[in-house]
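> Below are the chains, spelled out letter by letter.
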Amino acid sequence: MFRNVAELVELAESQGKKISEVMIEAEMEVSQRSRDAIMQDMYANLDVMEKAVRRGLTEDIRSHSGLTGGDAKKLQTYMETKTFLSGPTLLNAVSMSVAVNEVNAAMGTIVATPTAGACGIVPGTLFAVSDKLQPTREEMVNYLFTAGAIGYCIANNAFISGAAGGCQAEVGSATAMAAAAIVEMAGGTPEESAQAVAIALKNMLGLVCDPVAGLVEVPCVKRNAMGAAIATVAADMAMAGIKSVIPTDEVIEAMYRIGCAMPTTLKETAQGGLAATQTGRMIEAKVFGVRMEK
Amino acid sequence: MKYKSVFDIIGPIMVGPSSSHTAGAARIGRVARKLFGRMPLRAEIVFYGSFAKTYQGHGSDVATVAGILDFDTSDLRLKNSLVIAEKAGMEVELSTSEVLTEHPNTARIKLSDDERQIEIVGVSIGGGKIEVLEVNGFSFQLGFDTPTLLVLHEDRFGMIAAVAKVLTQHNINVGLMEVSRHTRGSRALMAIETDSTISQEVLEEIRQIPHIFDVSLLALN
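The listed protein sequences derive, respectively, from chains F and X.
In this text, residue positions in the first sequence follow full-length UniProt numbering: the first is 1, and each later residue adds one.
In this text, residue positions in the second sequence follow full-length UniProt numbering: the first is 1, and each later residue adds one.
Some clues are possibly wrong.
[As the list claims (entries may be wrong)] Derived pair list, reagent style EDC-like, types lysine to aspartate or glutamate, alpha-carbon separation capped at 16 Å:
#1 Lys2/X to Glu193/X
#2 Lys4/X to Asp236/F
#3 Lys79/X to Asp61/X
#4 Lys73/F to Glu59/F
#5 Lys132/F to Asp236/F
#6 Lys4/X to Glu59/F
[Stated by the list, open to error] Covered stretches of chain X (in silico footprint by chain F; criterion: 3 or more residues with CB under 8 Å from a CB of chain F, positions within the stretch not fixed):
#7 5-11
#8 56-64
#9 121-130
[Claimed, not checked] With the Cβ distance kept under 10 Å, some of the chain X side facing chain F (calculated, not the full set):
#10 Met1
#11 Lys2
#12 His21
#13 Thr22
#14 Gly49
#15 Lys53
#16 Thr73
#17 Val83
#18 Lys87
#19 Ala88
#20 Thr146
#21 Ser196
#22 Gln200
Just so you know, the hints here were simulated from the structure itself, not pulled from any lab data.
Being a predicted model, the structure only gives us computed values, none of them experimental.
Just so you know, even glycine gets a beta-carbon here, dropped at the ideal spot from N, CA and C.
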């Protein structure tokens, strides 16, 4: 088993395998289960993700608080009717990531990737990039194994939850996971995947977890959107041959140290950041009818 | 390595909105339920830290009760668990505490009926993964990812060997083992993570060992 991204890349490159294949084989070893059983479980995850993307893009999703919903559809309408600037794959990735996270906020069914608060980025980028690259279903499942391999490294060397390390640990991890997986699906090398992880995660460092009224909605949904955008661009940068000056595992370590130094008010307690703004407090009082003073 | 499987990262399939506060809370509730062994009449839940601050918006209360009802993280009935519990005759008492705990997402759950009672402390460490730090006052660090055997026994020599002997005879490999006791010579609790699941026959064989009071087996996956 690999302990960090460097070991993962070394294993993949020395054996001429993709990161997804290294992850599948490691999972077989750890769980003592067959390849077929492991693949089936991941196909089940893929199905749930696909349903969530479709639901978010087609249904009128609204969260219980009324704070979020409908933005994924808005972006699709915009893409159909207006001249947009950034590009269809990028905007699809953003829209699909928002779709999944809106379904999550409305207590719909999703797959935690790596968490529920960041559940849009990996599936959103997966289905957007798939529109462009037309992968097989198996290649789509491999995307999830590659994302999982990176998440495994981050979770065991730093953290993946907002409460433990801020949003950099949550949306940041998901962004890094997606970046690596996009690279592999697009035909990049394991080393390029690792570079994409570093480039993506660097741009999430210091990101605080400050959910308004303590809900997984504001700013979570829009951070999923930007996570998808960063992941896609980071993958392109890595495949262009751009390298991170700071090695990937050191970026992960930096994320860990920053998270440890972060005050608890900025780690999913709804006591700081956007949650503590005047509007944030007003929303909190409106949703729960209490707790104006903190 | 806290996270062992790729499905700890890509998964679980769950009802939103929070893997720590919804899925994790449901799993802590479900561990309590499985240890209790049947539907309890009363459930007392105490939330600490971030659980206490934000449980309403995350549905941690409904999720924990859903777990106590033995629902999975993806069960759509999760949202209506409080109503379902009431109809089933389960009394739920929820409170929050300002007491500082080691982990921000901590829950204490006490389940009881007229015959028995169980109390656990669970923490939700992220991504839907949980750890149980206390079972009936015994300290542990259990994830319940793999089949875990819990053996309540008298604290005396030879107990570990006696249990291990039964496992050996049935070719069951031990992955991890923790032993905790209140005081010397009192009661002790053995937690054994095994690589393969354990049949009812083997559980019964362990139950027959002298000085063993209770044996239970549980796994979340």
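> For every hint, state whether the structure bears it out.
Structure-based check of all given hints:
1. This hinted pair checks out: lysine 2/X and glutamate 193/X have alpha carbons roughly 14 Å apart, not beyond 16 Å.
2. Proposed proximity of lysine 4/X and aspartate 236/F is contradicted: the alpha carbons are some 30 Å apart, above 16 Å.
3. Restraint check for lysine 79/X and aspartate 61/X: satisfied, since their Cα atoms lie roughly 10 Å apart, inside the 16 Å limit.
4. Between lysine 73/F and glutamate 59/F the CA atoms are separated by roughly 8 Å; this keeps the pair inside 16 Å, and the hint holds.
5. The hinted pair formed by lysine 132/F and aspartate 236/F meets the criterion: a straight-line CA distance of about 14 Å does not exceed 16 Å.
6. Between lysine 4/X and glutamate 59/F the alpha-carbon distance is near 36 Å, which puts this suggested pair outside the 16 Å criterion.
7. Counting residues of the segment 5-11 of chain X whose beta-carbon sits less than 8 Å from any beta-carbon of chain F gives 7, enough to reach three: the coverage restraint holds.
8. Evaluation of the coverage hint for the segment 56-64 of chain X: fulfilled, as 4 residues show C-beta separations to chain F shorter than 8 Å, against a requirement of three.
9. Counting residues of the segment 121-130 of chain X whose CB falls under 8 Å from any CB of chain F gives 4; the rule of at least 3 is met.
10. Below 10 Å, beta-carbon pairs count as interface contacts, and methionine 1/X has one with chain F at about 5 Å; its hint therefore holds.
11. Residue-level restraint check for lysine 2/X holds (minimum Cβ-Cβ distance to chain F is 6 Å; threshold 10 Å).
12. Of the supplied interface hints, the one on histidine 21/X holds, with its beta-carbon coming within about 8 Å of a beta-carbon of chain F, less than 10 Å.
13. Look at threonine 22/X: its Cβ gets to within about 7 Å of chain F, closer than 10 Å, so that hint holds up.
14. Annotation: glycine 49/X was flagged as interfacial toward chain F, and the flag holds, the nearest CB pair being 8 Å apart, inside 10 Å.
15. A hinted interface residue such as lysine 53/X counts as satisfied when its beta carbon comes closer than 10 Å to some beta carbon of chain F; here the least separation is about 5 Å, so the hint holds.
16. With 10 Å as the threshold, the beta carbon of threonine 73/X comes within range of chain F, its nearest partner Cβ sitting at about 9 Å, so the hint holds.
17. Violation of the interface hint for valine 83/X is found here, the shortest Cβ-Cβ separation to chain F being roughly 15 Å, above the 10 Å cut-off.
18. With its C-beta approaching chain F no nearer than about 20 Å, lysine 87/X sits outside the 10 Å limit, and its interface hint is violated.
19. A least Cβ separation of about 21 Å between alanine 88/X and chain F goes past the 10 Å threshold, and the interface hint is therefore violated.
20. The restraint placing threonine 146/X at the interface with chain F holds, with a minimum CB-CB distance near 9 Å, inside the 10 Å limit.
21. Because the smallest distance between the Cβ of serine 196/X and any Cβ of chain F comes to about 8 Å, under 10 Å, the interface hint for this residue holds.
22. Hint on glutamine 200/X is violated. Least Cβ distance to chain F is approximately 22 Å, over the 10 Å limit.
In terms of the numbered hints stated before, the structure departs from hints 2, 6, 17, 18, 19 and 22, listed from lowest to highest.
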